[in-house]
Amino acid sequence: MTATDPPRTKAAIAAGEPGYGARAAEIGARYGIVIALVLLCAVLAIASEHFLTTRNILNVLRQSSINGILAIGMTFVILTRGIDLSVGSVVALAGVVAASFASTSATAMVGGGPYPAMLAIIIGIAVGMASGAVSGVVVARFAVPAFVATLGMLSIARGLTLLYSGGRPVPALTPEFRWIGTGDLFGIPMPIVLFGLVFVVAWWVLAFSRFGRQVYAVGGNPHAAKVSGINVRRVRFSVYVISGGLAGLAGMILAARTGSALPQAGVAYELDAIAAVVIGGTSLAGGVGRVTGTLIGALLIGVMNNGLDLMGVTSYYQMVFKGILIVAAVMLDQARHKRE
Amino acid sequence: MSDLLLEVEGLRKSFSGVAALREGRFSLRAGSVHALCGGNGAGKSTFLSIVMGIQERDGGTIRRRGRPVIFGSPKEALANGIAIVEQELSPIPAMTVAENIYLGREPVRWGQINFRAMNRAAQALLDDLGFAIRATDLMMDLSVAKVQLVEIAKALSYDAEVIIMDEPSSALGEHEADQMFDAIRTLKEKGKGIIYVSHRLSEIFDIADSYTVFRDGAYVGSGALANVTRNELIQMVVGRPLTEEFIKENVPGDRPLLEVCGLHAESGVFDVTFEARHGEIIALYGLMGSGRTEIFERLFGLSPDRGGEIRIDGQAVRIASPKDAKRLGLAYVTEDRKGSGLVLTGDVRSNICLAELGKLSRGPAMSTRAEARAARDMIQMFGIKAASDRLDVSGLSGGNQQKVVLAKWFLTEPRILLLDEPTRGVDVGAKREIYRIISEFARNGGAVLLVSSETDEVLGMADRVVVMRGGRVAGEVTRSDMSAETLVHMAA
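Chains as they are written, first to last, in the working numbering: chain A, 1 to 340; chain B, 1001 to 1492.
Hints listed in this document are in silico derivations from the structure and should not be mistaken for laboratory results. Do not rely on the hints blindly, as some may be mistaken.
[Said to hold, decoys possible] List time: in silico DSSO-like cross-link candidates among lysine-lysine, alpha-carbon distance up to 27 Å:
1. LYS1338/B - LYS1146/B
2. LYS1154/B - LYS1190/B
3. LYS1188/B - LYS1146/B
4. LYS1075/B - LYS1146/B
5. LYS226/A - LYS1338/B
6. LYS1359/B - LYS1385/B
7. LYS1323/B - LYS226/A
8. LYS1359/B - LYS1338/B
9. LYS226/A - LYS1359/B
The model shown is predicted, which means the values in this text are computed figures rather than measured ones.
Next up, chain B with everything else stripped away, as it sits in the complex (with noise of 0.2 Å):
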């Protein structure tokens, strides 16, 4: 019994009479990385955020190393040992890492922060993890991978015995997400409980030792990684028998529908070519600042010409603006749902409508019923969980959030999809769903363009593969020549 840093049983929790967790069971073992599995909504955030002393139970019990214990605040969680890496980062920008990392406790000699003894100590345990980061920069001059390393560094500088993740890995390319594992198997060496939160099952099965699952906010099962295959943890996530991951039905055709030749754009983008059929799903696969999304910035107008031809349909084209991208039939579902997918202050309807207010409107004035027509077809075609249109849009689940961007689009009936990490967030289940609307696209003559980090979902999807290295492209691969170590070998 000693060894459990953590036991947690019969864990509960309403918010306005609505259960979110009815039964949260956890334990956590000395010296293992415990993955914690479930669908958006299952829970976890719940029972992390009562672990951690954010929110009060409504009953159950948690011990720490045996020992019942309630927090009444974050503050109390780290007293005890216990530290989180959370998922929605907070740098202060202004400040450097090092005063980013101790904030609220710095060294103070004579009444004054001790800003060497700061640094230095920053600067060892950046070092000690293998962080390639320096503790006097700003926090506002790293890049968003970097910004997460040093959020890790933080949580582990508490010395905390049990350290909590949150979709850590979410921004990290990966190479990052290397450094990061490895972080996380010293930790383990030394006798630390991790938890580890995350979508990504082969970052779990890469990491883990042991997961527990949670579904509809309760307890489903548990046990070790190395006695369950993928198929049935996805099975226990979802809570039915799932066939196939992926849906993959669309041919390719042969008429190219996009050519790029020779792209350059902003920010490191140079000579790039490529071209996507009629029917084809391809994938841009790289690391990082490997020119992914610039790419995608330079195709929608979002970011000025610097050189290069783009054809649709055989007929050169010139792409100024989203307008003009728009109209020309593409349509760009972005990286960072909430920074620039969705107008999270308005409702569903009024998102699913903002590409389209031109076609749902008679001269100056919207068309009321033309707007709840088309908010009532998407939110039936993609399967949206929502009580009403009407609703706003930051209460949804991630998966239900990326379905409405992914209907704000389809609204505009496009012919070219471009997807920046479009099941980022998302649960196993909505994931399917957004797979199965890829694929109907692409079976219907569309093309697709697919950024992603996660190299299986890459494998699974995509017809073809370019593969990017610092702007330029590396290489391309066909479905029947793909593996994992090619794509990975070729980008590194």
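Only chain A is shown next, with the shape it has when bound in the complex (with noise of 0.2 Å):
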């Protein structure tokens, strides 16, 4: 507290006039993670020679998909201020009831089955969107946090997944419905394609639709989409709606790879889900954020995990990794809204 400039005074002044240094800074917290992205992979394909082969890429995509897939729900609800807890067990409620419309075997089947794999699809992407809809309902209808109101759905997902199997595997899936986890389409696996296919359709909802505004006004400010004569209850439940119907697809996907629907899948899956929306820039507090970022957050974790299975390295310290990845990448954007 003195009268004498203080040296701050210049180090303020030098901060304030854009130089090379701040300009630099700046283009990394705006690509931040698609830096990431690329120096991983060039860090990944010196490191091991396995890492850019055509087999790798593609396992690569193939193993991201599922977690990319709920990542697009998720990015969905998270955009309009809410969160869906329950994909996880969604996965597994959409797995063992699609399945067991397609297995051949006389104890798990359905009655009458094994039925057209269009039609067990239909069904599990269908549970999936019903149990959205709950959701969606006592969000949007009843105001409960969707924090809460997830959580019960977790809770109920799982359980409804044991009661209606049993508890046992639904096993011996017929192939054509196996096709959609183990199939390909010009050479590329089916799960990458329904992923890829799922990912445009996302992107040009909220890039280009007149759902996708919404979505973004509801998350921005409730009161003044409400205002502007927007229905913000049905925006909110219309999230819900798409993360449980993707979810129901991304189970499907996992019970057809493994060839048997497991009553225990999925388990924290959501965790993985939420971290590629927070990883991509998308923001809790709603109203920012993008697919595209959901993308990269997606294929970042599925990279990295990849990497760290190519170096021997072990599974806990992929965790540890995904962790530190989670919070550099929030803490980055932090640092860019500062700057703003």
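Build the complex from these two chains, which are given one at a time in their own frames, with help from the hints.
Structural data, given as structure tokens:
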């Protein structure tokens, strides 16, 4: 507290004028996760000769696709200031229900089965959407916090899965049903094709559709959205249905890949999905975020797990690194907002 | 020299190379109220945040009772006897009034908070100021106006010598504002210095002794308010001569456009009847809580139907949701720009298009081109100052933000405008443009319902005033019979 010019004044002036360093920092903050993904790939390509093989790349993409599909649904929910903790359980529920329509096992199948794969898939997606609809009604109509409503659904859906399957796997799925997990289209594995399809549709919806505008408005300021004539409840309800439906799809891909639907499938999957969304720069406060960010977030998690696998690092470390990644990504984001 | 509590000279501050403050000059005498005037972007906020130690200066001096000071934090400023009542309220809702006032410096006895002493001290402070607030009430149970009064009490509890008040009356009705002015006068008598920031000129002339004007980040002039007229002050703030403060060129027609008959609404609106003709500007005037905003919420379908009839062009209508209201040609500019007017995470374009997504899309797909065109037209029509319509709306000044809200509603081509405090927190220049927009809308045959706490604005713009008291219509006054005294008398 003296009258002399303190040295920090000079520093402040220097920081105020955008120099080379400041610009680099800005680019780093804006495209941080893309740069991180590219750097990680470059490092892995040098460290392991197996990384840049077609087989491994397809492998990474396939491993990322289930989490990616869940994360895309989660993006819609988080954009409206919500969260969906139930997706892991819905993966299992939709998996066992759909599988029971596509199973050739006499003990597990629904009477008269196996039914055509298409029917089983539609049923699986419907089960997921129905679970989402229940969460959606509880959140949108009864104003229960999303955290609580979907925490309840996490438990309910898991319980229903165990009740429906009797706690036993649903085995011996028909080859037609298994095609969505193990088949390919023009040489690209089906899970990747489906992930890509879901991504393109979600990207279009959020960037170019009326519903997308409404999602951003409801997340950014629900009061303003309401006064502007947007049906806030309907938008809130819809995002949980979307998340549930995509969880249903993911559950069937998982079952189809392994050949049987496990009642304990999908435990803690919601956490990886939320991680991908958050790493992708979507704000938990709602209204800000992109599905392209989520895509990159999901790929970053996938590449990291794959790289650590290739280098023979134990999977316990993968969890530690993933945790660091989540926190670092959000810290980066905060730093950017502060500057703006 | 000794009675100068605060002297500031040559204060400078730039952000990213853009000067927010080029030459801040100010001096505050003990026992005076000094108004700091200037439009949005004049550098007032930057000036105050440097004085309070929130931001660092690039240059210049601040002398506190003759002694040069640099504050590194608001805490240091407080320790040196400078306190601020901020424009944005920051109460902790789940705590009591006393806990909020003494937050972070609670009286402690034997290692635990002495609640009795704290409550007693807080109550004494509130009583002393004449504020009818109980120290043990929870903040969340208080009205916005009372929260504002608590913030004022809190600033005063530091026993500061210099008290900065940044738009302290913006959330207050006439009655609460009077209480606050009484408190300010008491402080003045005690020899304190008050820096008073407000866009409301009549208030400034009411309470302040002297003024300093900033424009474009620099000192323009200062002096005693007794030696300056209202128009001269406006000219200094705006930087160019103003012919008229208000613009009013509409002529009310004969046919009623909106008729409200025996309307009831939630939270205390009873049997309200009035009509607005084509081309007419009607002001709903009343104290806070007199039911003004509640009438708007009912008319816009935001609160449930509790009886009464609404007719538009003679046709009885049902309004159950904002969607109905929009379809019938109503538009509602809410009182709380940030709370319910704008999506602050969105850009200018998305905010302008928000109420008209249906017309700007084909099926489920938005037409990006139509959106861009709509935004461009509106930005031009309202003179919104934004480098690009893709900029975040949060970066605009208050006046431009308000124009974005108006633009959003004009895009829906409304016939009836509901305006709740449309010029709150907006500088004099932008205010005038908003008056122009309102006047033009009415001249083209639309009806305007205006709610304003600024009596001058009501007198300047309205063709007719419906005075509200306790949720009922207390009377109607036509333009020829209007005066500030009649309105205040009828409303109280």
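Hint by hint, here is what the structure shows:
1. LYS1338/B - LYS1146/B: Between LYS1338/B and LYS1146/B the Cα gap is close to 20 Å, so the pair holds against 27 Å.
2. LYS1154/B - LYS1190/B: holds, 17 Å
3. LYS1188/B - LYS1146/B: holds, 22 Å
4. LYS1075/B - LYS1146/B: holds, 25 Å
5. LYS226/A - LYS1338/B: Measuring from Cα to Cα gives roughly 14 Å; hence the hint holds.
6. LYS1359/B - LYS1385/B: holds, 25 Å
7. LYS1323/B - LYS226/A: holds, 9 Å
8. LYS1359/B - LYS1338/B: Distance of about 25 Å is within 27 Å: holds.
9. LYS226/A - LYS1359/B: Given pair LYS226/A, LYS1359/B holds - Cα atoms ~18 Å apart, limit 27 Å.
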